[in-house]
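Please arrange chain L on chain X, whose structure you already have, making use of the hints.
There are 2 protein chains.
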Amino acid sequence: MPCLNIEERLLNGDKRACARLITMLESNDREAIEILKRLYKNTGNAYVIGVTGPPGAGKSTLTDKLVKELRKRDKKIGIIAIDPTSPFSGGAILGDRIRMSDLSLDDNVFIRSMGTRGSLGGISKSTWGAVKVLDIFGCDYIFIETVGVGQSEVDIVKTADTVLMVMVPNLGDDIQAIKAGIMEIADVFAINKSDLDGADKTKLEIEMNLDLNDKMEFRPPVVKVSAAQNKDIDVLLEKILEHRKYLEETNKLEERRIRNNRTELLKMVEEDLMSLILDKAVKEDLINNLARDVALRKIDPYTAKDEILKLIVNSE
Amino acid sequence: MPCLNIEERLLNGDKRACARLITMLESNDREAIEILKRLYKNTGNAYVIGVTGPPGAGKSTLTDKLVKELRKRDKKIGIIAIDPTSPFSGGAILGDRIRMSDLSLDDNVFIRSMGTRGSLGGISKSTWGAVKVLDIFGCDYIFIETVGVGQSEVDIVKTADTVLMVMVPNLGDDIQAIKAGIMEIADVFAINKSDLDGADKTKLEIEMNLDLNDKMEFRPPVVKVSAAQNKDIDVLLEKILEHRKYLEETNKLEERRIRNNRTELLKMVEEDLMSLILDKAVKEDLINNLARDVALRKIDPYTAKDEILKLIVNSE
Numbered sequence: 002m003p004c005l006n007i008e009e010r011l012l013n014g015d016k017r018a019c020a021r022l023i024t025m026l027e028s029n030d031r032e033a034i035e036i037l038k039r040l041y042k043n044t045g046n047a048y049v050i051g052v053t054g055p056p057g058a059g060k061s062t063l064t065d066k067l068v069k070e071l072r073k074r075d076k077k078i079g080i081i082a083i084d085p086t087s088p089f090s091g092g093a094i095l096g097d098r099i100r101m102s103d104l105s106l107d108d109n110v111f112i113r114s115m116g117t118r119g120s121l122g123g124i125s126k127s128t129w130g131a132v133k134v135l136d137i138f139g140c141d142y143i144f145i146e147t148v149g150v151g152q153s154e155v156d157i158v159k160t161a162d163t164v165l166m167v168m169v170p171n172l173g174d175d176i177q178a179i180k181a182g183i184m185e186i187a188d189v190f191a192i193n194k195s196d197l198d199g200a201d202k203t204k205l206e207i208e209m210n211l212d213l214n215d216k217m218e219f220r221p222p223v224v225k226v227s228a229a230q231n232k233d234i235d236v237l238l239e240k241i242l243e244h245r246k247y248l249e250e251t252n253k254l255e256e257r258r259i260r261n262n263r264t265e266l267l268k269m270v271e272e273d274l275m276s277l278i279l280d281k282a283v284k285e286d287l288i289n290n291l292a293r294d295v296a297l298r299k300i301d302p303y304t305a306k307d308e309i310l311k312l313i314v315n316s317e
Numbered sequence: 002m003p004c005l006n007i008e009e010r011l012l013n014g015d016k017r018a019c020a021r022l023i024t025m026l027e028s029n030d031r032e033a034i035e036i037l038k039r040l041y042k043n044t045g046n047a048y049v050i051g052v053t054g055p056p057g058a059g060k061s062t063l064t065d066k067l068v069k070e071l072r073k074r075d076k077k078i079g080i081i082a083i084d085p086t087s088p089f090s091g092g093a094i095l096g097d098r099i100r101m102s103d104l105s106l107d108d109n110v111f112i113r114s115m116g117t118r119g120s121l122g123g124i125s126k127s128t129w130g131a132v133k134v135l136d137i138f139g140c141d142y143i144f145i146e147t148v149g150v151g152q153s154e155v156d157i158v159k160t161a162d163t164v165l166m167v168m169v170p171n172l173g174d175d176i177q178a179i180k181a182g183i184m185e186i187a188d189v190f191a192i193n194k195s196d197l198d199g200a201d202k203t204k205l206e207i208e209m210n211l212d213l214n215d216k217m218e219f220r221p222p223v224v225k226v227s228a229a230q231n232k233d234i235d236v237l238l239e240k241i242l243e244h245r246k247y248l249e250e251t252n253k254l255e256e257r258r259i260r261n262n263r264t265e266l267l268k269m270v271e272e273d274l275m276s277l278i279l280d281k282a283v284k285e286d287l288i289n290n291l292a293r294d295v296a297l298r299k300i301d302p303y304t305a306k307d308e309i310l311k312l313i314v315n316s317e
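First to last, the protein sequences are chains X and L. Heads up: the first sequence runs through residues 2 to 317, numbered per my numbering. Heads up: the second sequence runs through residues 2 to 317, numbered per my numbering.
So here's chain X without its partners, still in its complex pose:
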């Protein structure tokens, strides 16, 4: 058999080609983008599940258990753990994700950690690119798992087909604020570590919060599980699949994917524009000079900002 190029190897389900292409995407490699442009028609098979929730909720363990459940059904799986590093992590969590999971030995499971610091083209663009690679690679399900609940992470998770929100009992009052706003994006709730006291109270609180919203077309189910004890993972998976079925039968999956594509396009545009600006401005040292002039009150920041904009924007 002749030597295959990376494109052919990816189509053949070669795991290393998959890893290589994602690394190229992280380096903002033009060739990788060209490959995705050509192979984009091969996407659309994978179903994307976003997993988010507060730190310490056990998202990784729960994801691993859900994946094992799907493996029993012979599904091919991709897992992307995103950790937009700055300003909160030190990137230390990255990499651990892979080492910690025994799934990494399974040929039909692909796991990858992605962080801001490693993404030259922007974390969103890299993550969405990786989803496409895994889709072409032949994954049936792709999990996007966040390390924390930072805004950029949530923005990415929001673009999943189903968003799973992992909660734990006794988060304390301070987390209530987080719970309040983040609940809107959840399609399914899991209360992990449900052997702890307070699990029923947390379930009740979530249900009461859901009661307040009478405009929901699909009421998110709230499932008590224990990932560590492997308890009720199958029940949770069924609820996720029910949400999928609901989206498919009501034609809302397409609607949702259009909305997600919109988000993705705008975010990629934003990341590209900033790269463009920085490339041009750094070359001319324009930004540093203007920042100095603003500090010295030689120019006001609004006029300075317009000077920078002129670098790439058509004059009207």
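Hint data in this document are derived by calculation from the structure and do not stem from the laboratory. Treat the hints with care, as some may be off.
Same chains, same label: a pair holds when it works inside one copy or across any pair of copies.
[To be verified] Okay, derived cross-link-like pairs now, DMTMM-like style, lysine to aspartate or glutamate, Cα gap no bigger than 20 Å in a straight line: (1) Lys-204 - Asp-233; (2) Lys-232 - Asp-15; (3) Lys-73 - Asp-30; (4) Lys-281 - Glu-271; (5) Lys-311 - Glu-271; (6) Lys-16 - Asp-156; (7) Lys-311 - Glu-272; (8) Lys-42 - Asp-141; (9) Lys-281 - Asp-307.
Chain L alone, transformed into the frame defined by chain X:
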């Protein structure tokens, strides 16, 4: 005396003119920007203190107490509470900030809550605009206080002259990850609620973390306080003023402000570019149509993204 325009009233220290101008900035009003362009030369007097830390740390109470300490020294103060709403709060905290503070009755204290939902031109642009208005208004000190520790809030707080990080004892392990990365931006640490058990342990942890970084030119002091009991607020304020003195005497204040102006310029450019794109693209319904075509695999997302970019970017 003839009727004065808003510009003159602001220069005269009229509190209502100040409020009005900030509201105009939030609506992305062109006239407000023109006023700031003209009056920018009048800025530079105010010293900006950023206050951040985890939810529940008591940032607002501590800020209020620091402000009262500065009022004893006859300083004029501005407080901006930022709450980038989406995706976590419901905006409910907004407004409360003002009602909760008895400082709002003081003519020499100006308090304002700002949220994403109320900021048509972007939260960063509005906040920085408000800082300039308060500077022109004659404030000696301006506090920028965050509700949470979201990335956009931290990005804004980072541009303060001094960043005060408010911690509390017993945050639990889950918060350690937050502590780890956020510590880099702190110039002064306050451990609030220090009457609680565990305050010494928290202080020790922070000191140990600081020990790890031997490249610091100014080692952030760690001060135990109790805002509720009004304990050691004066000590904390002195530490903040010592940081200011350090910056001024080493000429690092100017350096820092240049760096901050750079951040501000780039962020404003980003917010402006996205407004420009959205304005043009919404008019032509381009984004929605492209998002649909991407979902239907009629076009790949990278080509679609370039179509959108063409709306404003010069062809090269």
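Check Lys-311 against Glu-272 for me: Cα-Cα at most 20 Å, and say if that holds within a copy, between copies, both or neither.
-> Cα proximity of Lys-311 and Glu-272: in one copy and across copies (18 Å, 15 Å).
Go through the copies and call it for Lys-281 and Asp-307: within, between, both or neither, with a Cα cutoff of 20 Å.
-> So Lys-281 and Asp-307 pass the 20 Å test inside a copy (14 Å) and across (18 Å) alike.
Intra- versus inter-subunit Cα pairing at 20 Å for Lys-281 with Glu-271 | Both: 16 Å inside a copy, 14 Å across copies.
At 20 Å max between alpha carbons, let me know whether Lys-73 reaches Asp-30 within a copy, between copies, both or neither.
-> Neither: 36 Å inside a chain and 59 Å across chains, both beyond 20 Å.
Alpha-carbon proximity context of Lys-16 and Asp-156, limit 20 Å = Neither. Shortest intra-copy (28 Å) and inter-copy (38 Å) distances fail the 20 Å Cα cut-off.
What label fits Lys-311 with Glu-271 when the C-alpha limit is 20 Å: within, between, both, or neither?
-> both (16 Å within a copy, 13 Å between copies)
With 20 Å as the alpha-carbon cut-off, assign the pair Lys-204 and Asp-233 to within, between, both or neither.
-> within (15 Å within a copy, 42 Å between copies)
Can you tell me if Lys-42 and Asp-141 fall within 20 Å by alpha carbon in one copy, between copies, both or neither?
-> within (16 Å within a copy, 60 Å between copies)
Give the relationship of Lys-232 and Asp-15 under a CA distance limit of 20 Å: within one copy only, between copies only, both, or neither.
-> neither (33 Å within a copy, 64 Å between copies)
In summary, the structure is inconsistent with hints 2, 3, 6 from the numbered list given earlier, while agreeing with the others.
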